[in-house]
Amino acid sequence: MNDFLNQIQLVGDWLTSSSQWHGDEGIPRRLLEHLTYSGLSLLFAALIGLTFGLLVGHTGRGAFAVASVANLARAIPTFGLVVLVVTLAGLSSTPVLIALVALAVPPILINTFEGVRGVDPATRDAARGVGMTGWEVLTRVEVPMALPLILLGLRVAAIQVVATATVAAYPGLGGLGRFIVDGLSRNDYELVIGGSTVVVVLALVVQAVFTALRRVVVSPGLRAAATKS
Amino acid sequence: MIRFDAVSKNYPNGTTAVDDLSLELAEGGITVLVGPSGCGKTTTLRMINRMVEPTTGTVSLRGRDIREVNAPELRRGIGYVIQHAGLFPHRTVLDNIATVPLLLGWSRKKARARAAELLELVGLPAEMAKRYPNQLSGGQQQRVGVARALGADPPVLLMDEPFSAVDPIVRAELQAEFIRLQKELHKTIVFVTHDIDEAIKLGNNIAVFRTGGRLAQFDTPERLLTSPADEFVADFVGHDRGIRRLSFVKAAEVPLREGPVLSATSPVAEARAVKEPWVLVVDDARRPLGWAPVAELPDSGTLVDVQLAPLGHTFSLVGDSARAALDSALLSPARLAVGVDADGAVVGAADVHEITGSPGGGDR
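Protein chains in written order, with this note's numbering: chain A, 271 to 499; chain B, 22 to 385.
Heads up, some of the hints might be wrong.
What the hints assert, rightly or not - Going by beta-carbon spacing under 7 Å, a handful of chain A positions derived as facing chain B:
#1 392
#2 396
#3 399
#4 401
#5 403
#6 409
#7 411
#8 413
#9 414
#10 415
#11 489
#12 491
#13 492
For the record, the hints were derived by calculation from the structure and aren't laboratory data.
All of these numbers come straight from a predicted model, not from anything done at the bench.
The C-beta atom is built at its ideal place from N, Cα and C for all residues, glycine as well.
Next comes chain B alone, as it looks inside the complex (with noise of 0.2 Å):
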């Protein structure tokens, strides 16, 4: 889809932007670029839409050299975000988001009923149409910024640093929200961050740089953790990814015993029975109510009339990765991480070592 043949960049003053570099980059994906400041990430992302040209090499978009389409026509069709949405202030959100296909001549009618469209899918609500840009909060601009990229349904969308200039709330809030998009949308996508934590939740694929413009590793998030290529990207990827590849094992991987599980009306004598600090104390469908610790359970009477402490929470086998099951586990007052099914109901236990054991999960 984009492919980067032996590309560099040098400029005048000596200085090396990008060095040899050689990428092809799948259709339909999000593809990351990550490394420190300076390393070319940005560069590299620019060449696409030829806002920089490449010294040498080239660089091709479905098997066409770039530097064969005009630098506006060729823009046109790629979609473009930038760090703080670039926003033109003197246009309404509406007129904003119409930019490119009023650029592509469309009718002013057409390309506000795209316009509105767009608005609706990035989550805003229409009475914001008629704003302008100052009037809106950063996470607003942003969303906005990638309406208007999408103006005319471009097939590939660049991302500089979109999600960077906004609070950390607001940037989960962005990034669950693309990965959304995306999931509709099936771009192919070339996102650049200096956030590895970022570059692994939205990746199909990274490509880490170091300094000096050259690419360090191009892997999948799940690999980079797994079996980083050298110091350099061990160390950027960050000293806790043994519990960041956690992410990428299933929850269904989890090996899981029974566990102690008493139901809410058995009596109290079977849970002292059990030989476990602390029993797990279920409804008539096995969902889980909370834990009951044995030590200050009542002489007689049933689980229903215990005070339970709280569970924490559980983690499920259908949706949630190895790394859910293991706060879980840290979470639980019995440090027992409790895996529940679709409906809710408790299928087992385990406890840090069991979930950190798991295939994929354990030491290398």
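Pulled out of the complex, with its shape left as it was, chain A reads as follows (with noise of 0.2 Å):
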């Protein structure tokens, strides 16, 4: 027990010290790092995501080579890949991106497609029925209708893009798994502790942004709990 409260001491310790904060080895250099990856990533996966998660969920063609190819991509181990493409290409950030991207195009590919499927054929009707153009159905009524399983999807690849990019250290990149894997070679566990502590609280912030945002973005009136009065 004291030997776990120390540790804490320890972990605390690390976070705070002043080395930590300047300098290319601390932790705003290694934060910076870690959110290019990620956002870089995210964005690359949001592009093919959403487009073709739109594209099959508003045409209804090609729905079974979403779920095949989510699938598959879901059974890819991350880690593996990385060190394939870094074989293949050599050290650069491209097998990371690469790897990262692989990992959250599933959830935005699934989420967006089954959110734009699933708004009533009767709602989907009545727009073209009122005279809006295939673009405009997509764009006045099945993305704002998909908009709260499209966020979750963001949401669920973002949290994973974050907490996986620490792969990122393996082969010499930087980033905040830096510092774990530093940590582990070195059996410096405080640092293990104190790079983990920070993903997660990336991980946490990443969260609280993206409830933040549906609560901005998704129309009240779709939210189950609205109230008859």
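Take the two lone chains, each set in its own frame, and fit them into one complex as the hints suggest.
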């Protein structure tokens, strides 16, 4: 028990020591690297996942392909993929980005697709019936109605990416994973736990950002708890 | 106005939804398409706004083949109301109603002003504007659906079973409201229902479809009731069509006799002298008060002191139909329907035989 408290004390010291907050090896620098990898991968994954999710959900064509691709992608081990791409492409940020994108696409793709396809056929029929073009049906009805699920997909993807971006440290590309990798090799557990703590906090922040975003962009008419009055 | 020329709709799986339909719908009236499920009535309706494309034949609107107009543009000029209203759940009531004006490129302000007008027109309070569809009852949603269809003031309105998903009381309310609206707006309305009563109540003309997408009869409600084209139509119209067609006979056509009518100030002896079991007691202005049972009258005094049996209800010679007269006769303790004029004064009475024997009401 004393050991445990001692550990917390040591991690606390590590997190608050001034050397951690300055210089090339400090938390801000690593955090920035981490956020860059995560942000870029999420951006690419969103471009891919949203485009195909909306397209397939709207047209109804290729639903089976979407499900298959998404399941296949889920089965690929991220770490293995990083090692594979590093071996093939050499040491650069590309392999890490590819692996993270591959990880983030399935939840975005599946949820976007399900969100659009889940729009009540009567509502879609009404949208066409009042004279909306296909594009208008998509942007004015299907997307706003699918937003809760689209955001869910993005959130799941973002949290996974933020947590997994630690693998970038293995091929020596930095990020918050650096602390964990270094700590493990040096048996410096304060470093490992300290680094992990920062990653966890970051994931919680991402979660909070999406919760706030949901409150702003999802129509109150779509919230289940809407009451009759 | 709306014209079908040898229109058929066949699906690849071999089913025929509509079979060689030729039909011309007049401008400014309500045409009801009615029939059992699978008779092609909804398909027929949806071919008017190109939600369904015919396999063969042409549909034209105001003399123009509708295939010449691109589908979204065509639809913006035709109001469309569907069964569960099909409102957009993510939009407020006001924005739902403003949908078509916004699609047509109106400014947001102008579209919303128009929507507020329509909200009032369909009988919803202004404070509903900011609500979302899931905060409304089924009947209210349906009103919003009608308002949305009227958004750009289209000359034609297509309604696909708009009132069938609400309970009977609300349905009757919506139907009455709908008749009131139509009196005001004079739209050309095509209305689909599977309910023959609704068809007869609302339609100026009724097209009865049979299974397999064939038109069985296209006629006025009255003609449909009095001379169904064949067994199928007679059956579909129902076994009480004899009573129903009385709806199309004006009460003024019911032959009235003077009947046993006495003023409340008349002495009891006068009532006994009438030699009828019941005497209708009226006030100074000849407005009916109730029925006096002759057998139970006191020995003396006037009819004012007599306990009267309730009237049931009277029928008005100005607005009611022979069906109301029949109902009045059936509910009266004397089995006599009491006809009143615009001021509510008794004009005369008729029994069941006299009512059903009236012109148009008797056996064909």
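Hint by hint, here is what the structure shows:
Nearest Cβ of chain B to the Cβ of residue 392 of chain A: about 5 Å, under the 7 Å cut. The hint holds. For the restraint placing residue 396 of chain A at the interface with chain B, the shortest Cβ-Cβ distance is roughly 3 Å, inside the 7 Å limit, so the hint holds. The closest approach between the C-beta of residue 399 of chain A and any C-beta of chain B is roughly 4 Å, which is under the 7 Å cut-off, so the hint is satisfied. At its closest, the beta carbon of residue 401 of chain A sits 3 Å from a beta carbon of chain B; the interface hint therefore holds under the 7 Å criterion.
Residue-level restraint check for residue 403 of chain A holds (minimum Cβ-Cβ distance to chain B is 5 Å; threshold 7 Å). A distance limit of 7 Å between C-beta atoms decides the matter here; for residue 409 of chain A the minimum to chain B is near 12 Å, and the interface restraint is violated. For residue 411 of chain A, the shortest C-beta to C-beta distance to chain B is roughly 6 Å, which falls under 7 Å, so the interface hint holds. Look at residue 413 of chain A: its Cβ only gets to about 10 Å from chain B, farther than 7 Å, so that hint breaks.
Interface hint status for residue 414 of chain A: upheld, as the beta-carbon distance to the closest one in chain B is roughly 5 Å, under 7 Å. The beta carbon of residue 415 of chain A comes within 6 Å of a beta carbon in chain B, closer than 7 Å, and the hint placing it at the interface holds. A cut of 7 Å between beta carbons decides the hint on residue 489 of chain A: the least distance to chain B is about 4 Å, and the hint holds. Because the closest C-beta pair between residue 491 of chain A and chain B is about 3 Å apart, less than 7 Å, the hint holds.
Evaluation of the residue 492 of chain A hint against chain B yields a held restraint, the C-beta minimum of about 5 Å falling below 7 Å.
In this structure, the hints that do not hold are numbers 6 and 8, in rising order.
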